[in-house]
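Student: From just these sequences and the hints, can you work out the full model?
Now for the letters of each chain:
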Amino acid sequence: DVKVTQSSRYLVKRTGEKVFLECVQDMDHENMFWYRQDPGLGLRLIYFSYDVKMKEKGDIPEGYSVSREKKERFSLILESASTNQTSMYLCASSLVGYGYTFGSGTRLTVV
Amino acid sequence: GQQLNQSPQSMFIQEGEDVSMNCTSSSIFNTWLWYKQDPGEGPVLLIALYKAGELTSNGRLTAQFGITRKDSFLNISASIPSDVGIYFCAGQNYGGEIQGAQKLVFGQGTRLTINP
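Protein chains in written order, with the working numbering: chain A, 1 to 111; chain B, 1 to 116.
In case anyone wonders, no lab produced these hints; they're calculated from the structure. Be careful, since some hints might not be right.
[As the list claims (entries may be wrong)] Listed below are the simulated EDC-like cross-link pairs for lysine to aspartate or glutamate, each with C-alpha atoms no more than 20 Å apart in a straight line:
1. A:K3 - B:D38
2. A:K53 - A:D28
3. A:K3 - B:E41
4. A:K53 - A:D26
5. A:K13 - A:E69
6. A:K71 - A:D28
Tutor: Below, the structure is given as structure tokens:
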């Protein structure tokens with residue numbers, strides 16, 4: 001089975017800190033995605049990548065950046081964390097033309 | 001961004017009851033998928049549908065890809081406590097272009113609660 005691993009299940013960070021969320025997949029998928037999930041708002045796409053060093057903005061990229069230096073790893077960066085970035089963050093990967101496999105999520109709290 | 005209309009938003013049922021939820025879109029999709037998210041976990045794929053009119057089962061779950069390609073439904077028969085969670089529908093169009101075509105469009109989710 002494909003495995004998508006997010007480095008932390010829970011994180012607590014201070015306002016203004018630079019935060020790195022890491023995601024690794026083990027099945028050579030081309031595509032990787034970062035979503036945030038908030039009650040009542042569903043899943044909102046932050047960024048996605050369809051190849052190494054390639055990235056595309058999703059629906060809510062403001063305040064975030066990403067890095068994909070290797071095919072298996074896709075990092076989400078919060079340049080200066082704010083309390084409105086407190087959320088559940090979900091990473092996913094997929095082969096071209098197929099559905100996603102999600103990680104278990106990282107619940108980030110910014111205080 | 002585009003989202004699908006998923007209903008109902010929440011359901012409170014008794015154990016043993018059947019469950020039905022659906023998803024509609026203003027545009028057509030080539031693929032419909034249904035995911036389930038357990039509390040504190042990421043969504044897990046339940047069923048994938050690739051052809052209009054297709055009816056697919058996975059145990060007590062049955063899903064259909066609407067003939068118009070603009071809708072899909074998911075039924076759960078004889079619900080049990082472990083069915084609790086959030087169910088998401090998702091649509092996808094893969095037309096060969098790489099950029100953007102890989103993205104799934106998600107519904108808002110249906111939160112299922114079961115009273116034993």
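Student: Hint by hint, note whether the structure agrees.
Tutor: A quick look at each hint next to the structure:
Only pairs whose Cα atoms come within 20 Å are accepted, and K3 of chain A paired with D38 of chain B is accepted, the gap being roughly 17 Å. Between K53 of chain A and D28 of chain A the alpha-carbon distance is near 15 Å, which keeps this suggested pair within the 20 Å criterion. The hinted pair formed by K3 of chain A and E41 of chain B meets the criterion: a straight-line CA distance of about 14 Å does not exceed 20 Å. Our distance criterion of 20 Å between C-alpha atoms is met by K53 of chain A and D26 of chain A, whose separation comes to about 18 Å.
Between the alpha carbons of K13 of chain A and E69 of chain A the distance comes to roughly 25 Å, so the proposed pair goes past 20 Å and is violated. Between the alpha carbons of K71 of chain A and D28 of chain A the distance comes to roughly 7 Å, so the proposed pair stays at or under 20 Å and holds.
Going down the numbered hints, you'll see the structure goes against just number 5.
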